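*Asks:* First to last, the protein sequences are chains A and B. Residue 170 in the working numbering is what sits at position 170 of the first sequence, and the numbering runs on without skipping anything. Residue 1099 in the working numbering is what sits at position 99 of the second sequence, and the numbering runs on without skipping anything.
It is worth saying that the hints were derived from the structure and are not from the lab. Heads up, a few of these hints could be off.
[As the list claims (entries may be wrong)] Stretch-level coverage of chain B by chain A, calculated; a stretch enters the list once three of its residues show a Cβ under 8 Å from a Cβ in chain A:
#, segment
1, 1110–1116
2, 1192–1200
3, 1260–1266
4, 1296–1308
Just so it is clear, the structure is predicted and the values come from calculations on it, not from any experiment. C-beta atoms are modelled at their ideal positions from N, C-alpha and C, and glycine is treated no differently.
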Amino acid sequence: MSATTLLAIVLALSLIGYLWGRANAGALKRAGQGMHSIPAYHGYFVALSCGVPAFLLVLIWLAAQNTIIDSIVLAGLPSYVTDGVESSRMSLIASEIKGIAGGRIFGTPDQALIDAAERYNALRGIASLGMAVCALALAIGGMIYARSRLSPEFRARNRVDNIIRWGLIVCSILAILTTLGIILSLVIESLAFFARVPVFSFLFGLEWSPQTPMRADQVAAAGAFGAVPVFWGTIFISAIAMFVALPVGLFSAIYLVEYANHRVRSVVKPLLEILAGIPTIVYGFFAILTVAPMIREFGISMGLSVASNSALAAGSVMGIMLIPFISSFADDAISAVPQSMRDGSYALGATKAETIRQVLLPAALPGIVGGVLLAVSRAIGETMIVVMAAGLTATLTANPLEGVTTVTVQIVTLLIGDTEFDSPKTLAAFGLGLVLFISTLALNIVALQVVKRYRERYE
Amino acid sequence: MSDKSISTAPAVQTGNWYEPDAKLKRRYASDRRLRFYGVTAIVFALGMLAALVGTIAVTALPAITQTMVTLDVELPADKIDPADPRSAGYLKLFSDAVARLFPEVDTPKETRELRQLFTSSAQYQLRDMVVADPSLIGKTVAFTFPLSDIGDQLHKGAIDRNLPSDQRRVSDIQIGWYDRLVEQDRITAPFNWGMIFNADSRFPEQAGLWGALVGSFYALLICFLVSFPVGISAAVYLEEFAPKNRWTDIIEVNINNLAAVPSIVFGLLGLAVFLNFFGMPRSAPIVGGLVLSLMTLPTIIIATRAALKAVPPSIREAAIGVGASKMQTVGHHVLPLAMPGILTGTIIGLAQALGETAPLLLIGMNAFITAAPESMFNPSTALPTQIYIWADSPERGFTSRTSAAIIVLLGFLVCMNAIAIYMRKRFERKW
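Looking at chain A on its own, in the form it has when it is part of the complex:
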């Protein structure tokens, strides 16, 4: 029985439980008993006692099942298959067994693997049967227990409210679990990486070439995972992006808040926001389709040599993506400056430009800075534009016409098509991910703090 049918059956049982409980409680009520709760709540109580434990059991069972079956099957392999095999090879064996079990046989596999595949199929059968039996038993047991509690004094409404409240709490804890999951997975894999490559040489090494094949007799060269060029590329491209986005975003916000009339504003502002809604992969394609060739042709006509995946192309397209980000933050910040400050400035005879420069911008500065920090964190974590438009080789250069690579590009190229979890190459991606997570988190926290402080000042 598949998990979906099982869940459907459990759902149907809960529905039956609801009707049963409500009917019984209704009968009691019609018999003239003074009930604490209305019959529907007795029904809900029966349904929840029936469905919730069974549902949770199925989820936990499904989550644990694969790992347990895999380890049983691999442990049962004869020693000549497993002896001296590294764990990365083991996962390949495991997937081969699963392939055979699923009927995808290539060549003539070892008899031991065929046996293992049969065992795998048998175990899966037992597991899904066991899951169905346990879940249904739990569902029916829960239903009978709840029915036995049904009485006029039973506080069904309070119990149901409590169960739902716990459900709500679990859901809000899920947000914390997500963060924990991110931190744990990044930290654990990074620790495995740092066991092979020292932290110091990762953070401060100047040479990045993870693609070089490493033979077994070759000690992981200390210089191969020096991430400084990658960090530099990220900072460089983000800087180019901010160089485009900051003036454009800021000036358009100033114009929209202080100069534009209502009609212009109501047309231009949503149009700018469209820029924020376009998926980044579209920007990436725009960069390789239009911007990069344009920059290249222009550079060549000026007699410069331009790489086809220049930092300038990726950075400037990323800057276009960030324009609405900056402009909407600056817009909010400038709009939030009290009118009295403008009036005071005008009364002293200042022009509009002087008011903006000397009164509004200083007052709005915290909000603008917060927005800029968030935009920088966006730029650092942005993936698709740089994956498509920036280079793959890590070079330490300050020439925007050359190709540089970024943290996100390296993560993607290291992980695409490679599922082995034990090569330093794969683990390096998690090391980079950890650095990326920490730096964007720090930027976000500082930015939110800055924005919060400025809000307190004027509201």
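Fit chain B to the given chain A structure using the hints.
*Replies:* Below, chain B without anything else, positioned relative to chain A:
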């Protein structure tokens, strides 16, 4: 009286009050400059938007049609077994039809060149046509199938005939054959339905978006099924029930920070937790959907909290006053009133999820898969990852198809956002 004082007062200070002095001129000029910068910035930003949409739309134009060719293929009854039409030698039947049309082509090299004009899967399409309609056996039928990428490009004028033949991808003799097909009225260019209803392929003329559309649909379905109830529950707890203490503060800060975590980090999470730890299938929409739901969760929670905050406390007080429990108050009154705002936020969150690429790349949804997934556990691509795959493909025909796929993606996004805006306008209530 006041008129007089205004007109006389400056005259006392300087000789000519209505002629601004040099300093004032400078100040006004700087004001005009700032205004000019603002206009320039806006024109630049909007110009870039127009350039982006414009170039992609123009590039997508050739992909609207697919060049097809019609051949008369004999389907002799003695060569096809009506009981098992699948097993007949369709490559031979197809080659015979081609040879009848071009009798002078006999060397293997020329035959190969001629074959390059037609899509490589023509014989399978012929087979599928016969299998679908066995009554065709014994007749000569007009069989319409796509030209190959080079034939398609030739028809759309993307190949410059004036170039020397070693600089273009089509030889002179191939152009001659193509022209003959045109003269015989065998070339048509109908709307490119294959672009939508075919699965992916290495050959541009056979590649379509169906697999990606189905994959994206499954992923979004999972994303909605998980993030919508969980997001609402979390928001309801935080807004209506949670005591104000350190724990709920942590949860709040957490949610705000999660909303700003780079999407690729969620991909790393999916890779390490869902694929590696729980052993879920690689490239499957269910994993993609789960990762996307974790990303969408903060958006939905924040939108739901804003919608709940907007419901006035008098509603809650009235419900409590007539004896509802706190849970009944929220479930029966507050939540239904907040629903339009919640749905608007959810649709916007789902639209973001639809365009998200990076996390899907890391869990392998960029695999090359030539059939639409049968369920959400089968390997599949999604719309944005399909765009990524095509953008990386060197064939000329994929450039316009990538742009067309982007237009499809943008079309979905525009529709979703339009629904969200409509719902906000239609159902938003001012208390």
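*Asks:* Take the hints in turn and mark each one as holding or not.
*Replies:* Here is how each hint holds up against the structure:
no.: 1; hint: 1110–1116; in the structure: violated (count 0)
no.: 2; hint: 1192–1200; in the structure: violated (count 0)
no.: 3; hint: 1260–1266; in the structure: holds (count 7)
no.: 4; hint: 1296–1308; in the structure: holds (count 3)
Comparing the model with each earlier hint shows violations of hints 1 and 2; every other hint is respected.
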